[in-house]
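Here are the chains, one letter per residue:
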Amino acid sequence: MPRLLSFSVFVATWWIASLLVGDAKLPPPPTVLAAMSAEARSGALFLNLGITLARVALAFVLAMSLGSAIGYLMGRVRLANRLGDPWLILLLNLPALVVIVLAYIWAGLTEAAAIAAIAVNKLPTAVVTLREGTRALDAALDEMATVFAMPRWKAFRHVILPQLAPYVAAAARSGLSLVWKIVLVAELLGRPNGVGFEIGVAFQLFDIPLLLAYSLSFAAVVLIIETLLVQPFEARLSRWRPRAA
Amino acid sequence: MRLEVNIASKEYKNAAGERHDVLAGINFALGVGEVGVFVGPSGCGKSTMLRIFAGLDHDYQGRVSRPTGARIGMVFQEPRLLPWRSVEDNVRLVAPQADEAKLSELFAILELNAHRNHFPGELSLGLARRVALARAFAVEPDFLILDEPLASLDEALAARLREQIAMLVDHRPVMTLLVTHNVDDAVRLGDRVFLLSPRPARILADLPIPTPRGARGEAEIATIKADIARRINGDRSQRDAS
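Sequence order for the protein chains is A and E.
For any residue, its number in the numbering used here is found by taking its place in the first sequence, counting from 1, and adding 23.
For any residue, its number in the numbering used here is found by taking its place in the second sequence, counting from 1, and adding 109.
I should point out that these hints are in silico values taken from the structure, not numbers from a laboratory.
Note that the structure is predicted; figures quoted are calculated from it, not measured.
Don't be surprised by glycine CBs; every beta carbon is placed ideally from N, CA and C.
Be careful, since some hints might not be right.
Among the chain A residues that face chain E by a calculated CB cut under 10 Å, a handful are [to be verified]:
| id | residue |
| --- | --- |
| 1 | L117 |
| 2 | L160 |
| 3 | T169 |
| 4 | F171 |
| 5 | A172 |
| 6 | M173 |
| 7 | R175 |
| 8 | A258 |
| 9 | S261 |
| 10 | W263 |
Covered by chain A, according to a simulated footprint, are these stretches of chain E (three or more residues, beta-carbon under 8 Å) [claimed, not checked]:
| id | region |
| --- | --- |
| 11 | 176-187 |
| 12 | 190-196 |
| 13 | 310-320 |
Negatives, chain E to chain A, calculated, CB over 10 Å [stated by the list, open to error]:
| id | residue |
| --- | --- |
| 14 | D208 |
| 15 | S213 |
| 16 | I218 |
| 17 | G230 |
| 18 | A260 |
| 19 | A267 |
| 20 | H280 |
| 21 | D293 |
| 22 | D336 |
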């Protein structure tokens, strides 16, 4: 219910603002809705959203798995941390645009280049978060697992992973929002389809209803995924914790 | 099967880089069915010693020969349960071979049946200790290590838990080492009592108690306790005199 309320406040504010600044700059909700349904009827909306989602999913999975593995290694092995740290700092501070442009130059305007560039942008934050998580592992529980001769995989699954879970969730949460942002830039610069590409086209044609139609559909998809996938996952991971906040 | 311990010395380097001797001369052997109890002042290095026996610390001078393939059950000073697993899962995870009948019996002895599905965060310290004990016994250990399992429990609960430990230890052939600073616990549970000096710890005396645990009368226990107290204080006055 509060969600519905905050949604209606959003629509009302938008409508009033469009009345104030004029249709040309900010079209009112019905105009955008019309553009949205036109795109939906032609199938372009779903196609572009689907393509963008696929890129997000691939880049996200790639960056999370690679980033978690590297982060765990850097948290456990001092030498790995020493070797990896300069690279990590470099990647953390490298602007997304630089990575995307270089990827397109070196690997061509290909799907692989786009996904790799998005993944590289997200990778360092996953590494940093998981490294912190690994450093915070409870040595006392490790000792317990050693004394009781728990097999390595079992100890990893039941002793290590639950301790890392909040960090994985945090990395996933912040990483997903980063990927949502960067995927559009990558599409704008070098892909012939996807939400980013359509927004680029709309920008060039100054077609503001189309621009808003894609932006809002995209935002809606993000919201749905956050509510239906990310939040239940987080809740499940922390169900053993006494309810605090 | 026998545990043989010859630790000449153990050094510990603190965060400031200073070296401290923690252990100096821990030599003894323990056979199956024996309960050896270490009694010593707090901070004398008891927990360090247990970590060496458990194979968690290899950085010492000397030798500890544990029978090969001996299963270890350990109760740490803090319960060290996995907070994200239920009581039952905590036990089952380390003891996959334990069948339902076995676990039921164990949970019944330790009065844990009502708490099987609770998470450790929902338990009092006394209950958590009992879960840690259940876990240690569930692996059917050949070598049982108990680090102050009764500390900071109220007297009635400690007495009950002590009886439960005695019952479990007598249940199966196991070498048991227990650390405590409570002389009463030591005398009621141990077959042998090792008195430790202050840091760096060495064994001051190895006192066997020939009467079986169950048959010890209050008078006998009082006599042994007095003897131990005399030895501990005697050692102290000797040191003070010198």
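Quick rundown of the hints versus the structure:
1. Taking 10 Å as the C-beta contact cut-off toward chain E, the hint placing L117 (chain A) at the interface is violated, the least distance being around 36 Å.
2. For the restraint placing L160 (chain A) at the interface with chain E, the shortest Cβ-Cβ distance is roughly 13 Å, beyond the 10 Å limit, so the hint is violated.
3. Hint status for T169 (chain A) relative to chain E: holds, with the closest Cβ pair at about 6 Å, below 10 Å.
4. At its closest, the beta carbon of F171 (chain A) sits 4 Å from a beta carbon of chain E; the interface hint therefore holds under the 10 Å criterion.
5. With a cut of 10 Å, the hint placing A172 (chain A) at the interface with chain E holds, because the nearest CB-to-CB distance is about 7 Å.
6. The interface hint given for M173 (chain A) is met, as the beta carbon of that residue sits about 6 Å from the closest beta carbon of chain E, less than 10 Å.
7. The restraint placing R175 (chain A) at the interface with chain E is violated, with a minimum CB-CB distance near 14 Å, outside the 10 Å limit.
8. A hinted interface residue such as A258 (chain A) counts as satisfied when its beta carbon comes closer than 10 Å to some beta carbon of chain E; here the least separation is about 14 Å, so the hint is violated.
9. Interface hint at S261 (chain A): satisfied, since its Cβ lies 9 Å from the closest Cβ of chain E, which is below the 10 Å cut-off.
10. Proximity of W263 (chain A) to chain E holds as hinted, the smallest CB-CB distance being about 4 Å (cut-off 10 Å).
11. With a cut-off of 8 Å between beta carbons, the region 176-187 of chain E has 6 residues touching chain A; three or more are needed, and the interface restraint holds.
12. With a threshold of 8 Å between beta carbons, the proposed coverage of the region 190-196 of chain E by chain A holds, since 4 of its residues qualify and at least three are required.
13. Only residues whose C-beta sits within less than 8 Å of a C-beta in chain A count toward coverage, and the region 310-320 of chain E has 0 of them, not enough to reach three; the restraint is violated.
14. Distance check for D208 (chain E) against chain A: the nearest CB is about 18 Å away, which clears 10 Å, and the non-interface claim stands.
15. Consistency note on S213 (chain E): stated as away from chain A, and its beta-carbon is indeed over 10 Å from all of that chain's, at 21 Å minimum.
16. In this structure I218 (chain E) is separated from chain A by more than 10 Å, as the shortest Cβ-Cβ distance comes to about 20 Å.
17. The Cβ of G230 (chain E) sits about 6 Å from the closest Cβ of chain A, inside the 10 Å cut-off, so the non-interface label is violated.
18. No beta-carbon of chain A is positioned within 10 Å of the beta-carbon of A260 (chain E); the least distance is around 16 Å.
19. The non-interface label for A267 (chain E) is consistent with chain A: the shortest C-beta to C-beta separation is roughly 23 Å, beyond 10 Å.
20. For H280 (chain E), the requirement that its beta carbon stay farther than 10 Å from each beta carbon of chain A is met, with the minimum near 19 Å.
21. For D293 (chain E), the condition that its CB be more than 10 Å from all CB atoms of chain A holds, with the nearest at approximately 27 Å.
22. The non-interface label for D336 (chain E) is consistent with chain A: the shortest C-beta to C-beta separation is roughly 34 Å, beyond 10 Å.
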